[in-house]
Amino acid sequence: MKIHEYQAKQIFARYGIPVPKGEPAFTVNEVGAIAERLIGETQNPVVVVKAQIHAGGRGKGGGVKVVKGGPSEATAVADKMLGMQLVTHQTGPAGQKVRRLYVEQGLAIERELYLALLVDRDRRRIAVMASTEGGMDIEEVAAHRPEKIITLHVDPALGLAPFQARKLAYALGLGAKESMKSFTRLLDALYRCFVAEDCSILEINPLIVTAGGGLVALDAKVNFDDNAEIRHPEWEALRDTDEEDAVELEAKRAGLSYVSLDGNIGCLVNGAGLAMGTMDIIQQYGGSPANFLDVGGGASKEQVKTAFEIILRSPRVKGIFVNIFGGIMRCDIVASGIVAAAKELGLKVPLVVRLEGTNVEQGKQILQESGIAVQAAASMGDGARKIVAAIRAGA
Amino acid sequence: MSILVNQNTRVVFQGITGESGALHARACIKYGTQVVAGVTPGRGGQRFDDAVPIYDTVEEAVKLAGADTSCIFVPPAGAADAIAEAVDAGCKLVICITEGIPVLDMVRVRKYLEGKPARLVGPNCPGVITPGDAGSPGCKIGIMPGHIHRKGHVGVLSKSGTLTYEAVYQLTELGIGQSTCVGIGGDPVGGLDFIDVLDLFNQDPDTHGVIMIGEIGGSAEQRAAAWIKANMKKPVAAFIAGRTAPEGKRMGHAGAIISGGKGTAAEKIAALEDAGIKVAPTPADMGTTLKSILS
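So the protein sequences, as listed, match chains L and F.
Okay, so the first sequence: first residue is 1 according to this note's numbering, each after it adds one.
Okay, so the second sequence: first residue is 1 according to this note's numbering, each after it adds one.
For the record, the hints were derived by calculation from the structure and aren't laboratory data.
Don't take every hint at face value.
[What the hints assert, rightly or not] Chain L side only, calculated, beta carbon under 8 Å to chain F, not exhaustive:
#1 M136
#2 E139
#3 A228
#4 G271
#5 A275
#6 P289
#7 G297
#8 G327
#9 I328
#10 G357
#11 N359
#12 V360
[Stated by the list, open to error] If you want the footprint, here are the derived chain F segments under chain L, 3+ residues with CB under 8 Å:
#13 54-60
#14 125-137
This structure is a prediction, so every number in the text was calculated from the model and none was measured.
Where a beta carbon is used, it is the ideal one built from N, C-alpha and C, also for glycine.
All chains, please: the whole structure from these sequences, using the hints.
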């Protein structure tokens, strides 16, 4: 789960991680007053207006503006930014609509560093990554100057050890007494934050050294481990559903795993691996999947119905391929869910169904007796071929 | 012969009184698995289906019922603790079916497992099965449909549940039986990885070939490819799911995500082919691809 920069910074502040003074704004009207307060408090006329969307690369897309002309200019900048479609390398060509802003104090930057914590699946440890090359795309740095990235792994029993923090501080050129102290304190707080808040990634890019020699998290990216939602009821308040695909959200609420794709063949599959495999085989036969949809191991008739409705409602879908290998999942339940949804919403596109496994005969019978137009497939290869051919015939 | 489990394996089900724990314990018993105990704290002294003794702790299940392997159906919030309990009690194999365990819980449990003799399979996996036949009962520990399997000599190894069933079904249809099928699960941090299981298959005289099914995310398949190239004495076929998956979107499994351009299917397939492993072009060709390397 992703959260906004300003929310991440509010969490940082609770852990004593230094962040610039700032306030979120949801309307243009608020911005002038916030800027005035910040300028008054900091005695610095510079503020920064930042678009809050769940995607990186905002600066290049025009989503971060340094304002030197006081509250009225901040308001003018906000007026342009709020509501714009912000396009970055992570949003796709359509961009993401800006609905929230963050206004914060400007700071004089001496140096820009990079610091991140994440779960390294290969080492099965929390990893700390740091670099002196802050403020740029870290993937670029990793690709072209990998020696500029220092990585170390945290022993879960020991926790992040002071010697590791010192090692990083020296590597980042923060070896002087005062900066060493600020850095080790900051890193310790970040690690505690990562663990207690169940983060999957926590990234500060850039971590700045100010003109006064202090360290400040100028940006903040925090993603949570979705699996840990069970012990974080407070996440619900941090969720911004405007940033999520409405259909994916609906599917998630129904207990389904759904991802929208660009093609025109709707897929309904049980199991993530088989769902990916189904997307692949459709492509192999010259088709293009409209979605990834895993109804899970033991979906109910209602869940299958919801899943099928989600597919039917999509105007992009020109054909549907159901591929079920019933283990725990019973084929008769899948068939009943499909029939219920098709009868309610009407079926205007070709439907190919491949059923295998538990209660397959009952499932096939339910489909046959329902009167809905369905082509049976003998295998997943056969099904993929049939749905691609059916769409070509209809086009 | 087989790997990990056989007809003598004595299984305790942790979470046997929960809905899915009960359902699958019954299916495993029906298959012929020796389910010797269940564990649900607070339900000690009762019996599951009037037969299987239930204990409050895994320690009792090991000491009193002779369990040596645990199968875990405990909900995600308590599942990592259940793994540690089984290991502490002396189970030599722990199979965790539970889906949705927080990743940092697994990081801590993996650390706890270091230096201990227990093996962990999963979490978020279908389990392990050594198919039986009329002459010798098999052992099914997990949620896979038992009836699609057939006793034989091919090892099946996979991150994905239903894709494993698909592969097994294709093999059985082709008349190719399986020695043992192991679902290692799709989570970012888990127990046995591809190499651990490949090593076991390599040493098992009854396994003559292996099919390995991977998916996007991480680099376990690439490391397995290098290991196979250096060590594997038996033919290996493979399939990688997610060729068409876009970057940055999590495909169901917590680990199935392409991030920073890493963990793509193309990268994995190239590594496997470089190691001389035949990769099935589509999931419908898994059985025939394996067949082609056996003969």
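So, going through the hints one by one against the coordinates:
1. M136: 14 Å, violated
2. E139: Hint holds; L/E139 Cβ to chain F Cβ min 5 Å, cut 8 Å.
3. A228: 4 Å, holds
4. G271: 3 Å, holds
5. A275: At about 6 Å, which falls below the 8 Å cut-off, the nearest Cβ of chain F leaves the hint on L/A275 intact, so it holds.
6. P289: 7 Å, holds
7. G297: It holds, given that the least Cβ distance between L/G297 and chain F is near 7 Å, below 8 Å.
8. G327: 4 Å, holds
9. I328: 6 Å, holds
10. G357: 6 Å, holds
11. N359: 11 Å, violated
12. V360: 11 Å, violated
13. 54-60: With 0 residues in contact (Cβ-Cβ under 8 Å with chain L), the coverage given for the region 54-60 of chain F is violated.
14. 125-137: Coverage by chain L is violated here, the residue count being 1 at a Cβ distance below 8 Å.
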